[in-house]
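Put together the whole structure using the sequences plus the hints.
Residue numbers (the UniProt record's numbering), protein chains in the order written: chain A, 1 to 206; chain E, 1 to 601.
It cannot be assumed that every hint is accurate.
Label pairs and their computed distance ranges (CB to CB) [what the hints assert, rightly or not]: (1) E/Phe-588 to A/Thr-38: 33 to 39 Å; (2) A/Lys-204 to E/Ile-549: 45 to 51 Å; (3) A/Tyr-119 to E/His-589: 51 to 57 Å; (4) E/Leu-563 to A/Ala-152: 14 to 20 Å.
Partner residues are not named here, just some residues of chain E that face chain A (Cβ under 7 Å, in silico) [said to hold, decoys possible]: (5) Ala-89; (6) Met-161; (7) Asn-166; (8) Val-200.
Far from chain E, some chain A residues (derived; all Cβ distances over 12 Å) [what the hints assert, rightly or not]: (9) His-11; (10) Glu-15; (11) Asp-62; (12) His-63; (13) Ser-81; (14) Gln-93; (15) Asn-122; (16) Val-193; (17) Val-205.
No wet-lab data here; the hints were simulated from the structure. Where is the CB? At the ideal position from N, CA and C, for every residue including glycine.
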Amino acid sequence: MSAHDHHLDGHLPHEPEKATLEGRNKILGFWLFLGAETVLFGTLFAAFIALRHQTLDGPTADHLFELPMVFAATMILLVSSLASVFAVQALHQHKVKAMIVWLIITILLGLSFLGLEIYEFNTYVSEGHKLTTSAFSSSFYTLVGFHGAHVAFGVLWIGLLIAQIFKKGLTVVTAPKIYVSAIYWHFIDVVWVFIFTVVYLMGKVG
Amino acid sequence: MDWLTTVDHKKIGILYLIAGGLFFLVGGLEAILIRIQLIKPMNDFVGADTFNQLITMHGTTMIFLAAMPMLFALMNAVIPLQIGARDVAFPFLNSLGFWTFFAGGVLLNISWFAGDIPDAGWTSYVPLAGPMYAGGHGVDFYLMGLQIAGIGTLIGGINFMATIINMRAPGMSFMRMPMFTWTIFITSALIVFAFPVLTVGLVALTFDRLFQANFFETGNGGNTVLWEHIFWVFGHPEVYILILPAFGVISEVISTFSRKRLFGYSSMVFATVLIAFLGFMVWAHHMFTTGLGPVANGLFSIATMLIAVPTGVKIFNWLFTLWGGSISFTSASLFAIGFIPTFVMGGVTGVMLAVAPADFQYHDTYFVVAHFHYVIVGGLIFGIFSGLHYWWPKMFGRVLNEKLGKATFWTFFIGFHLTFFIQHFLGLIGMPRRVWTYLPGQDFDTMNAVSTVGAFLMGIGTIIFVINVIVSAANKSPVADDPWEDGRSLEWSIPSPPPEYNFKQTPLVRSYDAWWNEKQKGNAEMPPAEPVGPIHMPSPSILPLIMSIGLFVAALGFMYDHLVVAIAGLVVTFGSMFCRSVFDDHGFHIEPEEQEKGVHA
Ligand code: HEM
Ligand SMILES: [Cu+2]
Numbered sequence: 001m002s003a004h005d006h007h008l009d010g011h012l013p014h015e016p017e018k019a020t021l022e023g024r025n026k027i028l029g030f031w032l033f034l035g036a037e038t039v040l041f042g043t044l045f046a047a048f049i050a051l052r053h054q055t056l057d058g059p060t061a062d063h064l065f066e067l068p069m070v071f072a073a074t075m076i077l078l079v080s081s082l083a084s085v086f087a088v089q090a091l092h093q094h095k096v097k098a099m100i101v102w103l104i105i106t107i108l109l110g111l112s113f114l115g116l117e118i119y120e121f122n123t124y125v126s127e128g129h130k131l132t133t134s135a136f137s138s139s140f141y142t143l144v145g146f147h148g149a150h151v152a153f154g155v156l157w158i159g160l161l162i163a164q165i166f167k168k169g170l171t172v173v174t175a176p177k178i179y180v181s182a183i184y185w186h187f188i189d190v191v192w193v194f195i196f197t198v199v200y201l202m203g204k205v206g
Numbered sequence: 001m002d003w004l005t006t007v008d009h010k011k012i013g014i015l016y017l018i019a020g021g022l023f024f025l026v027g028g029l030e031a032i033l034i035r036i037q038l039i040k041p042m043n044d045f046v047g048a049d050t051f052n053q054l055i056t057m058h059g060t061t062m063i064f065l066a067a068m069p070m071l072f073a074l075m076n077a078v079i080p081l082q083i084g085a086r087d088v089a090f091p092f093l094n095s096l097g098f099w100t101f102f103a104g105g106v107l108l109n110i111s112w113f114a115g116d117i118p119d120a121g122w123t124s125y126v127p128l129a130g131p132m133y134a135g136g137h138g139v140d141f142y143l144m145g146l147q148i149a150g151i152g153t154l155i156g157g158i159n160f161m162a163t164i165i166n167m168r169a170p171g172m173s174f175m176r177m178p179m180f181t182w183t184i185f186i187t188s189a190l191i192v193f194a195f196p197v198l199t200v201g202l203v204a205l206t207f208d209r210l211f212q213a214n215f216f217e218t219g220n221g222g223n224t225v226l227w228e229h230i231f232w233v234f235g236h237p238e239v240y241i242l243i244l245p246a247f248g249v250i251s252e253v254i255s256t257f258s259r260k261r262l263f264g265y266s267s268m269v270f271a272t273v274l275i276a277f278l279g280f281m282v283w284a285h286h287m288f289t290t291g292l293g294p295v296a297n298g299l300f301s302i303a304t305m306l307i308a309v310p311t312g313v314k315i316f317n318w319l320f321t322l323w324g325g326s327i328s329f330t331s332a333s334l335f336a337i338g339f340i341p342t343f344v345m346g347g348v349t350g351v352m353l354a355v356a357p358a359d360f361q362y363h364d365t366y367f368v369v370a371h372f373h374y375v376i377v378g379g380l381i382f383g384i385f386s387g388l389h390y391w392w393p394k395m396f397g398r399v400l401n402e403k404l405g406k407a408t409f410w411t412f413f414i415g416f417h418l419t420f421f422i423q424h425f426l427g428l429i430g431m432p433r434r435v436w437t438y439l440p441g442q443d444f445d446t447m448n449a450v451s452t453v454g455a456f457l458m459g460i461g462t463i464i465f466v467i468n469v470i471v472s473a474a475n476k477s478p479v480a481d482d483p484w485e486d487g488r489s490l491e492w493s494i495p496s497p498p499p500e501y502n503f504k505q506t507p508l509v510r511s512y513d514a515w516w517n518e519k520q521k522g523n524a525e526m527p528p529a530e531p532v533g534p535i536h537m538p539s540p541s542i543l544p545l546i547m548s549i550g551l552f553v554a555a556l557g558f559m560y561d562h563l564v565v566a567i568a569g570l571v572v573t574f575g576s577m578f579c580r581s582v583f584d585d586h587g588f589h590i591e592p593e594e595q596e597k598g599v600h601a
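Here it is in structure tokens:
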């Protein structure tokens with residue numbers, strides 16, 4: 001671990017997240033973690049696809065889903081991903097203020113996505129689509145709920161990072177954290193695109 | 001206290017060894033009880049219910065709580081040393097991985113005291129493990145215990161992949177990595193891609209049991225074969241997660257004790273990668289009798305048999321390494337040499353099982369029991385014993401007694417074949433697996449009795465090993481850096497046991513078998529890649545232990561429906577994560593003067 005702290009004082013390198021071995025480890029480790037997450041969601045998708053027609057007497061996908069609302073949620077999430085791209089750009093230019101603003105925009109959009117999802121789930125439950133209703137409903141709530149939990153975790157995490165930046169500023173310790181959280185955010189965005197296609201679009205078409 | 005907060009990979013390796021060893025003894029005791037029950041027909045030593053609990057806990061314990069942790073023990077003890085690193089990529093997470101595994105293992109085993117013991121087999125097939133047939137909390141212990149222990153395993157996999165990719169000493173290219181490092185690298189990749197599948201399976205079954213979801217409830221549209229797919233998509237790679245590191249150990253031990261370079265190094269690497277890849281393609285060979293149809297059965301059958309090819313390459317490479325070598329028969333090399341024929345037999349019965357039509361005959365008989373014990377005990381456990389005898393001086397600075405080591409080998413080796421060879425025939429004449437007793441006069445009697453005698457012999461072998469450990473702990477004579485004198489890889493170039501920081505100066509690697517080649521050139525030390533300077537170390541932390549306790553408490557809360565307890569546990573865990581994230585840990589430095597004293601070892 002020859003990562004000395006001398007980057008801390010003096011000037012910050014262009015890519016502060018990769019300046020130390022710790023930082024590089026963190027980024028690599030995080031990519032590997034996302035590999036594991038991909039398998040996790042892949043399995044949830046597989047279970048959903050296997051069970052999606054088992055609706056029994058409960059409501060069907062076609063009956064439940066309202067595409068305009070889901071489309072809005074998708075757009076919100078895509079834009080939030082864009083915001084986190086700008087945040088990382090600001091990071092590379094060492095514009096701390098701009099970075100914080102973009103991060104805040106990211107989590108605000110994440111929160112509105114969550115709000116829509118809670119509203120959506122509420123509506124479904126009132127239409128008799130509960131976790132216990134059918135195999136379709138169980139696998140639906142598990143897959144989409146897992147994704148929602150990931151969004152919620154991301155919001156908390158990025159919120160915490162913003163607080164850290166206020167406290168410690170942008171350093172070779174905080175930079176990798178910001179960078180990694182941005183990768184995470186893109187990842188849950190990509191997963192959502194798959195959910196939108198496999199769960200909602202395929203649910204509507206058949 | 002040191003041990004509760006340590007983030008040193010060498011100490012964590014020892015913790016894994018102690019915990020895994022204890023669980024190995026527990027699982028072994030369960031095995032002996034199973035064999036006592038089966039020693040004669042119509043035995044009523046334990047009841048049918050207890051028998052089901054014993055086989056479930058035995059299988060689960062041995063695979064998840066004994067074999068995997070003992071492998072983690074070896075990889076923690078050895079990998080950073082073999083690649084010339086001062087530490088793993090994530091020391092804090094390393095400690096967290098250990099404590100979550102331990103919390104999960106303890107959780108599983110307190111089921112014995114809670115009186116609600118998992119009894120649906122280590123594969124937990126539904127509907128047997130579903131709420132309908134397995135009331136009570138037995139299976140919940142299985143689900144929660146494995147979920148928590150699984151977190152630890154996944155963390156370990158990510159950690160060692162990152163370590164091996166990012167932290168190799170200068171000059172150590174991938175094709176100069178020792179074989180053990182290679183196999184751990186590939187095993188870690190398998191962990192990263194297989195364990196999340198198990199995670200999802202456990203979550204789905206937990207939801208079915210605790211929240212009345214319907215993944216596997218056929219009455220509500222669920223699908224029981226889905227569980228089998230999920231379990232085996234994880235489960236088959238899992239058996240390669242277990243065996244590949246053993247392959248690595250065998251490669252190191254055989255080349256060291258034949259005083260020869262490993263034959264066909266690059267083909268060994270290629271075979272390892274190929275086995276891992278195929279390992280993901282063959283899960284359905286556990287489901288031939290489920291009714292997948294002839295096309296699927298045929299494809300999975302062929303894919304399975306393909307694995308025999310790279311495995312055969314490995315076997316021949318080991319034989320060619322031994323060929324013409326000046327072999328010394330230490331305990332470590334006896335276990336390695338005993339491994340070869342034993343594992344070959346396991347592989348041959350594997351290919352027999354891979355013939356789908358024939359599998360309809362063998363499936364769920366003692367033939368399968370014999371097969372997987374030949375590969376898992378005859379392969380993996382022999383490998384672990386070999387590795388322990390080999391690296392013991394490096395880990396503890398003491399040698400194991402060779403006489404006792406050989407006694408362990410012979411009792412264990414003979415006991416093993418006595419127990420399991422005969423089970424092939426029990427299976428072929430029709431004894432089903434997982435039955436708690438059998439009727440007299442079916443030709444099962446003698447063979448079962450022999451099998452039980454063998455199990456006792458293995459028990460004795462294990463006890464001799466424990467005695468050996470105690471004897472060696474009492475024997476205080478110091479150990480050389482390179483006690484076998486024929487050490488080939490970097491771990492033998494530093495003191496036994498190594499100082500806290502491993503390498504005073506990061507070594508410069510100039511060839512494969514780096515340390516051996518320097519010795520050949522007459523050098524007494526590895527050439528350094530950096531000047532002497534202060535060494536940065538991570539500080540110890542109690543948080544991993546606290547986080548694991550939080551998870552443990554939360555699991556109990558969920559199981560017994562005390563939401564407050566569950567949330568309290570989660571708050572503890574997430575609170576610790578919060579602390580970890582907010583308070584930076586800058587670690588400390590060991591200055592050159594302190595290094596001279598070799599303190600902190
Ligand atoms: C040449 C290599 C191998 C082949 C062709 C092979 C083939 C098979 C087949 C076809 C089965 C299913 C039998 C049945 O349930 O009817 C099986 C079961 C099993 N194998 Fe292997 N195998 C091989 C290597 C291994 C290795 C290396 C391990 C572990 C380290 C292993 C562990 C197991 C276990 C645990 C089971 C039983 C699972 C259960 O039902 O509880 N096998 N093997
Ligand atoms: Cu298999």
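Structure-based check of each hint:
| no. | hint | verdict |
| --- | --- | --- |
| 1 | E/Phe-588 to A/Thr-38: 33 to 39 Å | holds (37 Å) |
| 2 | A/Lys-204 to E/Ile-549: 45 to 51 Å | holds (47 Å) |
| 3 | A/Tyr-119 to E/His-589: 51 to 57 Å | holds (54 Å) |
| 4 | E/Leu-563 to A/Ala-152: 14 to 20 Å | holds (19 Å) |
| 5 | Ala-89 | holds (4 Å) |
| 6 | Met-161 | holds (5 Å) |
| 7 | Asn-166 | holds (5 Å) |
| 8 | Val-200 | holds (4 Å) |
| 9 | His-11 | holds (20 Å) |
| 10 | Glu-15 | holds (16 Å) |
| 11 | Asp-62 | holds (16 Å) |
| 12 | His-63 | holds (16 Å) |
| 13 | Ser-81 | holds (23 Å) |
| 14 | Gln-93 | holds (24 Å) |
| 15 | Asn-122 | holds (18 Å) |
| 16 | Val-193 | holds (20 Å) |
| 17 | Val-205 | holds (21 Å) |
Of the numbered hints listed earlier, not one is contradicted by the structure.
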